[in-house]
Structure formats: structure tokens, C-alpha cells
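Peer 1: One-letter residues, chain by chain:
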Amino acid sequence: MKTTLHLKLNGRDAALEVAPHARLLDVLRDVAGLTGAKEGCGEGECGACTVLVDGRAVNSCLFPALEAEGRSVVTIEGLAGAQGGLSSLQQAFVQEGGAQCGFCTPGMVMSAAALLSANRDPSDDEIRDALVGNLCRCTGYAQIVASIRAAAGKAGAP
Amino acid sequence: MGYDYIRPASLEQALSLAAQGESALIAGGTDLLVALHKKKRPAPGRLISIRSLPELAGIRDEGARLRIGAAVPLADLLAHPAQARLPALAKALGVMGSRQIRNVATLGGTLCNASPGADAAPPLLALGAGVELAGPAGRRTLDLAEFFRGPGRTALQPGEIMTAVLVPWPGAGTQSHFLRRSRVAMDIATVSLAACFGLTNNRLSGVRLAAGAVAPVPLRLRATETFLEGKALTDETLAEAAKLARADVAPISDLRGTAWYRRELVGVFLARALRAGNGGKP
Amino acid sequence: MSNPHFVGVETARPDAADKVSGRTQYIHDLAVPGMLWGAIRFSDHAHARIKHVDTSAAEKLPGVEAVITGYNTPEVRIGFVRDNFALKRDKVRQFRDEIAAVAARDPETARAAAALVRVEYEPLPGVFSLQEALAPGAVLVHETDAKGRPRKDNLVPVRFAHHSGDLEAGKRASKHIVEGEYRVPLIQQSCMGTAGCIASFDTRGNLTLIAKTQIPFLAQKDFNRALGALGLEGRNTRVVVPALGGGFGTGLDTHAYEYIAMLLAWRTGRPVKILYNREEEFAYLSPRQSATARIRQGCDANGKLTFREIEVTQDNGAYTSWGATFPSVMLVPATSLYRVQNISFESKIVYTNNTYCQAMRGYGNPEITWPIESSMDELAELAGLDPVEMRLLNSNQPGETTPMGLKITTCGLQECLERTAAGLNWKENRGKRRNVKRGFGLAGLINVAGGGKIYRSDGSGIILKPDDYGNVNVSYGGVEMGQGLHSVLALTIADTLGVRPEQVIVNQTDTSTCPWDVGTHASRGAFMACNAAVMAARKLKARLLEWAEEIFPVEVEEALAKARKHPGFKEPDFDWRGNCRPGCFELSDGILTIKGAPAVPELQVDFARLLRAIHFRRQGGGTTFAEEAFYEPPTELPDWEKGIGNMSATYAFGAQGVEVEVDEDTGEVKILRLVAAHDVGRVLNPQTLKGQIYGGLAQGIGYALYEEVLTDKGRILNPGFTDYKLPTAVEMGFPIDVQLVQTNDPEGPFGAKGVGEPGLVPTAPAIANAVYDAVGVRIRELPITPEKVLKALQEKRRR
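Protein chains in written order, with the working numbering: chain E, 1 to 158; chain G, 1 to 282; chain W, 1 to 799.
Next comes chain E alone, as it looks inside the complex (with noise of 0.2 Å):
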């Protein structure tokens, strides 16, 4: 009934035992015991579940997990720099208050990761438009934004 999934996980090659039918996020949450990405709506609308596959973001509540086969996933706990310590992207988030009930946060910074990796320098505009895929109800997004444009090392008044 199980089959194994080969793939690199947060950079390390991982074989995991997975249901033919199982959703990517249930597989990350309960097989690989990584419980960042969160389900907010199982319906890929508000993107608590974000992960990267072969660098771009996806909603693993929608993502069948044998489509991961031979591919590289990344989730909030592999985007820690060195020693666990957080990468320049979290430490922004921290700075600049963009958590607040922090369920949508591993979402968010998993949309900014993807973003920033392929616009090093985006505009307000471009970022917001990152963001329409990740649901938040604390912060009004405001701090999230400034959050991801201090990473983008273009800090200014929020």
C-alpha cells in the first residue's frame, strides 16, 4: 500500500513511506515530523502550508507528495542559516514585527524566500503581489512588508 518517496529534504536526501494519495503537507507534518508548514484551509487559498519544490513556492496542501519524487523541498525549518541560527529573511521578520499569532508566518517567509531568491530587489507592489496566496488576519500585512523589504536590504519607514 505504502510506496517510498525519494527526495532531498531541507538539502539532506530523505526516503519516507508515504500513501500513494497523501498530500506533500501531511507527509512533512506526520511522516518527516516537520510541523512548520501549517494547514490553515486545505484549499490552497491561505497559504500556511507554503513549502518550496525545486525552489518555487507551493501549497503543500496540494502538492501529492510521490510529485516530489527526485526533487528538492524545502520548508521553514530548513531555511535556518548555520547552527540553527535564522537566516537574514527571519531575522527580519523578528526585527520588523512580522509575526504576530505566527500560524501564517512559516507561509509567509516560505513566499518571501521564493520571491527574494528571484527578485533581489522587489518593489512594495511586487511584494504584495507575492503575498496574495498567503492569508494573514493579525497583521494587517503591514509588517510583513516591511519585514521582507528590510531583508531586501531596502529598509525604510513602514
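Relax, there's no trap hidden among the hints.
Here are the computed lysine-lysine pairs in the DSS-like style, where the Cα-Cα straight-line distance is at most 25 Å:
no., chain 1, residue 1, chain 2, residue 2
1, W, 152, W, 713
2, W, 713, G, 38
3, W, 670, G, 281
4, G, 281, W, 432
5, W, 791, G, 281
6, G, 40, W, 713
7, E, 2, G, 39
8, W, 791, W, 432
9, W, 788, W, 713
10, G, 281, G, 231
11, W, 670, W, 791
12, W, 60, G, 39
13, G, 243, W, 796
14, W, 539, W, 595
15, G, 231, G, 243
16, W, 51, W, 713
17, G, 243, W, 788
18, W, 642, W, 407
19, W, 791, G, 243
20, G, 38, E, 2
21, W, 437, W, 791
22, W, 788, G, 281
23, G, 281, W, 437
24, W, 713, G, 39
25, W, 432, W, 788
26, W, 437, W, 788
27, W, 670, W, 437
28, W, 147, W, 221
29, W, 562, W, 595
30, W, 51, W, 147
31, W, 539, W, 465
32, W, 437, W, 796
33, W, 304, W, 175
Note that these hints are calculated values from the structure, not bench results. All figures in this text were calculated on a predicted structure; none of them were measured in a lab.
Given the structure of chain E, go ahead and fit chains G and W onto it with the hints provided.
Peer 2: Relative to the frame of chain E, chains G and W by itself:
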């Protein structure tokens, strides 16, 4: 749930698996998996993934037309240089879902899903696009306008797979515009409209119009097109065309808007698209 | 403390690093060994008699451990009027009524088994609107009250009213009178983290509930009562609060799913987790009430308000939560937003067969500020006054007592109005941009900001417990929901005690270790916690400095003795021995020294060293210690039927103004910029404070423009984010100018007022007023959708 998930290596394999029945095709899966997860459709015995089939990949300029592999993710299409020549399509692709969705949702998938509000459909219809289908009986091509048969229903025969979308390059001087209303940025369209036309000395030619979310299928506004062909772009023409366009559509009232509002907007969007021909705000 | 180092300085939150790295644990991430999963079978009808429940098929499903119904479990009543039950027996009154529940090895099996429960119903006609429910001879949602006495109508038995002055005289004195009916929709709190809990019992019958709650201690009380129903009188509930994933009022009541988890855990003897998915959250968790308000108010020839008359009717749904008491908060703006003397306020809370509702941020205030502030603009127009002038003319002032008996201590309303207007270049812009369909609108607010007394105590306890390593562990019974409570607690304690904020560690909220707190609501969290913290930290500091008299000389002598071994050491030129008195010590940044002493290491005792010395090296035996303080604000529990009582220790004021552009062809309203001026008393942490305002604004804008739970005869039609739209980052992509007005409140900790709710209170009327300014149509029903605007524009053109 509990279906099997198979990833064939070739189109041939996929077709033979699809011919065995008891299965459904999955490409990006952004619509299908939600439907399965919410039990809005019964789980098939297995899903056949066509996401990575080489025959469904790639974007190729074939001279007179652009051939877009059915499994090309929307994000790849959006990033392709060809979009500069297809501004209405680019605009529609840019508002479809989120980046996360566009990174996996495919052009073929959004058409085969046959949602009345699929944003890619009106620009493709207005551009006169066709689709290429492969099945047990071989390949065939079909005008996209013939492909949609109803909400969630298409001309695909059992065992058939869409392999490509074929977009004829617009002629020199052809403009294309896309307008859309949704409640927030991340939303299914309440109304969308695409227009392709030429405008020389204020006279319209080659008018092709299509609208989404205003009928059971994304549709061409044929009566309005006929009326506009060869007409001078005047306020009177626009008013009459808006009236015709409102009659060309058959919207319903749903969570996103009433039939009344959708009709109003079709007229407004048509007038704006045509005015954009003279540099107006679309 | 007069010169704080940390309070008022932009500081990163202590919980941020875990949140950005995915380490924070929400109920979704928690599991307990041996845990089963619960699932609930909800009603298929909005109103029906239950004829028969057959659980046999569900019981047979492999992996199912228990199936319970109202027939095979003790009756557990819920809610402050006790009209709800954990599991329903006689009839169902809404689509989400709980009929049966399953405990199984995994959530899929539990849900599958719940679907196998067969229920036979006798459908009944229902009431789904206020009109239907209030009509003579209407079908009764509840045929009897909690005591079994027959009921004769669909009114919830709670009354909130206020009548003061002479209404008729007020009307006679009016030159202008406006009247209007305003509506607000049903909306969903939309916490990003859905609801869930884990219930487990020890062998003696004590319950541990890991709960997504904002009221751990009232929940403990509720659950201890429920234990009684299980025959476990005298047993205790321990409520443990995980990271919340958003509260916004959803945690103000205890919920049927929590009692069901308790019943399943008791039945199976194993821990049981219930976790809602998003669709369930929408369909089975209580949203914010819809309501209709009729308002009439008038002014004299000069624009002075002469009277205000309001009638509110609120759709309660089928059962009663604390949300039914929204009118208790509506009383505040109804009687006290602007100076008005002759007032009538009446409210009705009506049972229907719709989903029952509960609290949400603002708690009645946005609902009532919407009509008041829309109507203020209408009145200003009639009186020929500028809307800002009209408001300034009637603005509340410091030192006044309002008709409700609210004692206004500090009041920044006037300054907020002025700064908002200035931020929008009001005089040059308002009323002058109609040619380009741009409009300017503004609205003011009053909100409780020093607690909101609706319970016999509105207090908060706190315990500060230092350890051997220089940390101060804080046990506080309120809830960090994301608002930044732990951040401001750390800053407040650090400054008051004299340590660094990173030395302050706020523990997880747990009723077994934290002192009592009424709950985190009513913008009270920071105000109460920090007031209690200041009290406790002062006590702690006083004790430490007393002990320092003995400790400090010993530690300094030791340090000096060591230092003297180094050649070239110079004795400090300071008489430290003569100044070893509590009044002369200085504890700051975690260093104990003597005021005026040179900054040499030998004359400084590190906080950790001081604590260890007290623990281990005191003459006559060391000690461990902690300090507790309980802050009860100087407020009154109002007389609700009279609507009189000073329910908060201080009040927040504010104003928000917007510039909008209206598309006359499509009816779309686009916000171009927004100014939010808020009287916050004093800023504790600018970052978390602004976070509260930005977040409140986004919810206010959702309420104003986008959000509505749609229903059809009690069934929710849009249970998810595909169909229920929250503003995204794109909708919020306009410039926001936050102006913080600091009135330095004497009762506030460091002068601070509560700020949790005000951000969303005046947003909708400010936008509606701006739409009117842009295109001349007044929308009286939220949300202000393009359809409503277009329809109104077309009607206006026809006239």
C-alpha cells in the same frame, strides 16, 4: 480517498492507462485535489499524473502560432517571452490564483477543468486558440470555442488527453485587452472579458470578444462582434455594443455576484476594452 | 521607573524567533501519547425533532473506540443562560447542532464513523430572520427556558438599555434630526489557526484540557461544573493554553466540541483530540452577530447634539454565548461618543434557527459606531457643518462624566480628530474632489481601555518568580494570542524591576500555575497584566533591596579582595559602605550598584549573583521566593437595565480617516490612503502597538468592504476562504499613517491604555462617509460591495 497515484513516463503509457477506466487525469491538481479532499467528487480508483509527460511540456513558436504544452505551469507561460505578444493572455495569467497556484496549475488543466470563470479562457477564445487532443483514436484539434460544453464539461472523450493549446499569433495591428472584476486579488472572477480587434482610422476590424463567469461556459460574444465589425468607435457604437453584449451573456447569481451585476459589468468592460483601443483606461 | 529604558522603545517580540522558524506549537501540532481523535456528527436540519439516533454502523467501523450521543451521556449544559447542550437530545435548532460524537484511532476514521451515525428527524419550520423570529405566533426556537418554564417568544432573556435626560425635550430643541437604519452582516473571526482541544483525565477524575481559549479560568469554572454532571464533583480541571493561532473573540466561551472531547475522554479513558478544519471552523464555530440598528439623533442650530435614540436588534442564532451581551459594550459609544445628553438605547437579542454567534474583537462597538458615525455625517450635512467641525464641537473632553457614568480621565479625541483631518489635508480636499470621484471620510471612536467590567471581578493576578540564574519567570493567567502581550510584559517588568527584557521569561498560561485572570478580551490584556506586573515587580524589588543590605557588602568585599591581588588595583574612591541602604541601591539592566558609585565591576553585583546569594549564602539560611500581585481596576459592574456604571478604568479614543476613489461604472471602492490617530495613553512597544492598529484596520476594512457569511435558511453557503474573502496584502496596499496620541493615563501602566480593539471600530463608517463624499450615495448596509454602490448610484441617477 485512498486512491492510487500513478506517474506514467510517456503519453502512450498515459493513454493506455486512461483507456482502462476507473481513473482520472491529474496535472497540477490545484482544482482536482480540493474537490477530492472536500468530497465534492467521488474518489477515482486511481489518479494518472500527466504533470511531467514530455509530450505535454514546452512552449514552442511554430511560425504562425504558439504551441503551449498542456502541462506547462501557468508561471512558466507567464515568464515566457511570447507573453509580450499576447498581452491579454499575460494579464489573465497574472491574476490567476496566487504564485503558489500558478507554480503548479497548468494551462491545460485550467481549460479541462472547464470552470465558467477560468481567467485564461476569454483571452484564448478571443485570440482564436485551439486545443490539441490525443486519444485512443489518434490526435485531433478543436477550436477552443467548441471545447467547452458546460460547467465542468468538455469535448474530451473518455480516454482523451489534452496535449497542447495552440494560439495563432495576432496579426499586425491587432490589439488585445483583458478586464476582470473579482472581490479581492485572490479570487475567482465575478466577470472577465477579453477583446481582440484592429482599429484603423477609428474603425474596428477583426473584432473577437469573449467573456467569462457570465454563462455556463466561457464564451464568444458573437452578436456583439458582428455588430461591431467595421463600425466607427463612437459613444453610440459603444452604448449599443454594451447593450448587445449584455444580451449575449446568460449569467447566474452566486456568491460572487448577481446576474444583474454581471450583465452590467460585461457592458462596462466591453466599452472600456474598446476605448482602450484609443488609449483609454482599460 | 520614571525614566524607562525599555518601555516605549521599538523592540522585537520574545516569541518572534520561534514563530519565524516554525517551532511554535499550536493545538494542531500537539499530540499526547495514547491519544484518540474525536469527530462530531452535526445536524442535517436547521430545526427538527430528533426521533431516533442509530450509532450501530459507526460503532462497527474498525478503529472506533466510542460513539456517544445525548442519550448515553450525562446532560452537559453550556452558556451563561444554560440554553445549550454538549450533545442534543430532544431537538436540533441549527445546522451545526451536535447529535453524536466518535472517538477513533485517527481523524479520518473518526469523521467516517460520525458520517455513519443515522439520525431520523421530524423537520420543523424555522425562523431565519429577525422579522420571522419576532412575528406574532412565530415558531419558538426554545419552547422552554433553562429551568423548564414555557417561553412565549424568541427573545433572549437579557436586557441592556439606557434612558437618560429628556428625549422629547431633546427632540424639541433640535433644529435638525436625522434617522436611519443600518445593518451589519454575519462575519467570521477567521483565525488562521482553526479551533481544537485535547482532553484527558487522570485516574482520579481530574481533567486536563489543552484548549484554544482566551478565558482559561472561566473555562476552568465551566468545566469543573461539567465534571459535576459526570458525577465528578470536587474534581478539578487544569486548562493549559497552547500558542493560539489567533483568538479575536473565538476563545471567549467554552464550546460544545470541548465538552464533547471531555465526554469522549471520560468514556474511553484515553486522551481525545478534536481539531476543526477550515470548513468546520466556518460551519460549526460561532461567527460574529448580524444586527440591525435604528438611529435617530439631532442637533441645534449651532450643531450641538440634542439627543440620540438607538434601537438594536441582534440575531443571536439558536443558543446564547457571551456574544449576546454585545449591547453591554454598545452602551459605551451609544451614551458616550461625543457629548449628548438625552439618550435612549434599547436592544433586543433574538433567537433564530441560524448558527449561534459569539464574540469578536470590538464586541458590539463597531456594530454601533457604524450607525452613530454615519449618522453624524448626515447630521453635519443637514446642519451645514463640516463633519470634523461637527465632531470637534461635540467632542468629549478630559474630566467629564458621561450619561452612562463613564469617568473620562484622559481623552485624546479632539487631538485624534484634528490629526486625522490634518493628515488628509481635510480642508482642502473634503467635498472638493467629486469631479474625480474621490472622497474623504472620517469617524471617531471611544472604547474601553482599562478593562471592561462584565463579571464580578475584572482583575488579574501575576506571579514573578526569580531563579538562580537571573531570570524572572512570569506566571500570568491571560493569553498571548499574537497581540504582543508577552512583549509588553517583559518590557514593563524589566523597567520596573531593573533587569533586561531577555531576563523576563513569560510561562505558558496554565490554570495550575498562574493566578486567576478573567480572560483576555475587551482590550484589557496589556493594561491589566502590566498593572499587575508593575505592582509585583515593585514588591519584588523592595524585597531584593532589603536583602541587598546584607548581601551587597559581602559580595563587594569578596570582589574587592580578589581585585586587590592584581598589582596596580586602585580602591574605588567612593564611600560604598556608608550607602548600603535600600534607598541608595540602584538595580538597573540586571546590575545592582549604589547610586552615584563609579562604574567599576567590583561595586556591581550581577542580578543572578544577587539571587544566588539570597538563595544560598544568607546568614541564618537562604531562601527562595516569589512575589504575587493582583490588580483589580477601580471600576463598577454596570446596572445593565439602566445602562449606568463606569465599567472601565480608562477609555481609549481615536479617529480614522480615508481617501477613497469610487468607480462609478462598476461601483468599486478603492482606498487610496488612510490616517489612523489613536489615543493610546502611552506607548509600551511601538512595534506591537502598531501591529495591533494595522491588524485592526485590516479587519475593519474586511468588515467594511468584503466580508459576509452568507446563509440560506440557516445553512452557511460560503464555509471557506475560496468563497469568504479576507483582504489580502494587495487590498491593504495603500499608505497608512498611524498617529499615536499619548495622553499618559494616570491609571495605565506607564500611562498606557488598552489598544486591542480600537483599530477596527471606526473604519467602516469612515469609508462609508468617504464614499458619500466621492459620489453622493450613502450605503447603510455592510459590506459596502460594488453591487450596492452601483445600485445606489443608478437609483440616484433615476431620481
